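**Student:** These protein sequences, in sequence, are chains L and G.
Under the working numbering, the first residue of the first sequence is numbered 1, with each subsequent residue one higher.
Under the working numbering, the first residue of the second sequence is numbered 1, with each subsequent residue one higher.
None of these hints come from the bench; they were simulated from the model.
Just so it is clear, the structure is predicted and the values come from calculations on it, not from any experiment.
It is possible that part of the hints are untrue.
If several chains are the same, the list does not tell them apart, and a pair holds so long as it fits within one copy or across any two.
[What the hints assert, rightly or not] Simulated crosslink set (SDA-like; lysine to any residue; CA at most 25 Å straight-line):
#, residue 1, residue 2
1, Lys16, Ala117
2, Lys98, Phe9
3, Lys16, Ile102
4, Lys133, Phe15
5, Lys98, Ile322
6, Lys130, Lys147
7, Lys130, Gln2
8, Lys98, Gly7
9, Lys289, Thr314
10, Lys98, Glu13
Now for the letters of each chain:
Protein chains: 2
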Amino acid sequence: MQLKEIGEFGFIERFKPWFGDLLGSDITGIGDDCAILPMNDEEELVVTTDLLMENIHFLRDAITPNQLGYKSLAVNLSDIAAMGATPIRSFLSIAIPKEIEIEFLDAFMLGYRKISAKYATPLLGGDTTKSAKDLAINVCVIGKCRKGTARRRSMAQAGDIIYVTGNLGDSAAGLGLILNAANKSPDAQYLIDKHHQPEPRINEGQFLATQHAVHAMMDISDGIASDLYHILKASGKSAEINLDLLPHSDAFTKIVGKYNWNASELAVAGGEDYELLFTVDKECSDQLKSDFEKQFGKPLFPIGVIAEGTGIITWQSNGKSISMGKAGFNHFL
Amino acid sequence: MQLKEIGEFGFIERFKPWFGDLLGSDITGIGDDCAILPMNDEEELVVTTDLLMENIHFLRDAITPNQLGYKSLAVNLSDIAAMGATPIRSFLSIAIPKEIEIEFLDAFMLGYRKISAKYATPLLGGDTTKSAKDLAINVCVIGKCRKGTARRRSMAQAGDIIYVTGNLGDSAAGLGLILNAANKSPDAQYLIDKHHQPEPRINEGQFLATQHAVHAMMDISDGIASDLYHILKASGKSAEINLDLLPHSDAFTKIVGKYNWNASELAVAGGEDYELLFTVDKECSDQLKSDFEKQFGKPLFPIGVIAEGTGIITWQSNGKSISMGKAGFNHFL
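Isolated chain L (complex conformation) (with noise of 0.2 Å):
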């Protein structure tokens, strides 16, 4: 049997339980945007660990060097920020393949070392190798939160109102720019610049955490079709998008229409947008959402609401509606 057969999803539901049993009862296992680890009395260390290949995640001609070695770090921080933690230390793994220069080596590390900076989350140790074609790099992030205030994939309730922090669509109208077209326009970059260098929402995901009425919360990595989905079955709920209140960028709305692309599936399935998808109840919704905005001078956008139900999500647009499972989007569109 081929890995394609099952999935990633798959093959990790197969071999969790092997390891269930190893773990104390207080402890999270496999299955959130980061592990949580016991630290002192006051704070939990919060892990996590991203695997970036060249021509899976990246193509090493299309982006630059001081881009991959900021988004290497970007991706992992944006787990921290799901969690709502701050990130503390970080481990780089690299293999290399033998053509690749100094240079090469130098601009990447100078990207790592920039949102290193930035989020104060210094390089701690990791491991260096060859390699004998594609350029692989691992990143692990540790991180802090105070005890009990990580916010898990598990946390949301029935008439919660579903909130993202910013544009949908972007990093994927990027991805097909870089794949398909030769647009050199500002807006084209602008999308480009976003798959290429992602920002994690750290900041705004440290202030959620403060927020008693925002339960749970995630990154958005694969899109929101399969994130929410990951949401849902962990919390056993169902939820309700409205597709016509998705936010978007000028940018992205010009070159869909320019080429003609399906804005809603960039949207909900493209992913790497890196933006917080999370849940709020709903009687403190408003003054959250105003509260955010006073706090980081830019909107919240809400997008839809969790209800009763076992993993269906159902997707309204101009008063058309269909309810399907996580597999099912894309026959929708």
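Starting from the known structure of chain L, arrange chain G on it as the hints suggest.
**Tutor:** Just chain G now, with coordinates in the frame of chain L:
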């Protein structure tokens, strides 16, 4: 400029200063088997990560998937052992080429689970993704130790006796057999298994960390010519090693004789033995050796002494001796 001109350690030296100012003065930065982080009043955390790449660190057709899973965690546990710490949690990132079957992955995860259970180090998270060509495996292990007890490379003192916990060269001879010989004898299989399924010296490391007489410690991953040099550089010392004292297995001696391989070269520069290399206050050396043997029912092997100096290793054998830095060992043999 290409990486091979400065090597992997040259690359690390290049970017290390860029991160120094991001670290507090109380934190151990890049450059030991593990990084050390504050945890609470009694304990510190140690963290290590290793990236194994197909066709660099292993051949998919030579090692069984079960052994590969075991080894992926074992080489990281060996770094934890080198600090004298206790492993507590592991994180696995794996990039999987499309032709790999689920049965391979199941066997891999069962090998990983076997050693995970043996040393009480459950898998807590990670990343599963596709690879365009080579199987890539990154493991990160978090351990803990009593505050101030972690053994660093910088702790060697002049006069210390240098010890190793077990035989040297088995793994390198095993690799030689995999690459060059079709020998299926029990001796050959013993050495190949030592290469494919090394045993981390967790229990030995923990015992040694309780002994005040034990100063610097590290694990033997690259071979003592390179590994000892790291201790000497970090400690600002030199060393004398008696090649005639290096411990060898019977299988090693037989196979090396049969193929007329250079035993000292395999033992000193071959690497991947994952025994512990450590230095001991000479006044307490005999007592420690005897206590260790009582505790573990196996001997410790003194192989040389630490001397004043700056990173020079003097190798002695059959009354001959020669002094050199890190790179020179192969020219001596």
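**Student:** Among the hints numbered above, which are violated by the structure, and what are their numbers in rising order?
**Tutor:** Per hint list: 5 and 6 violated.
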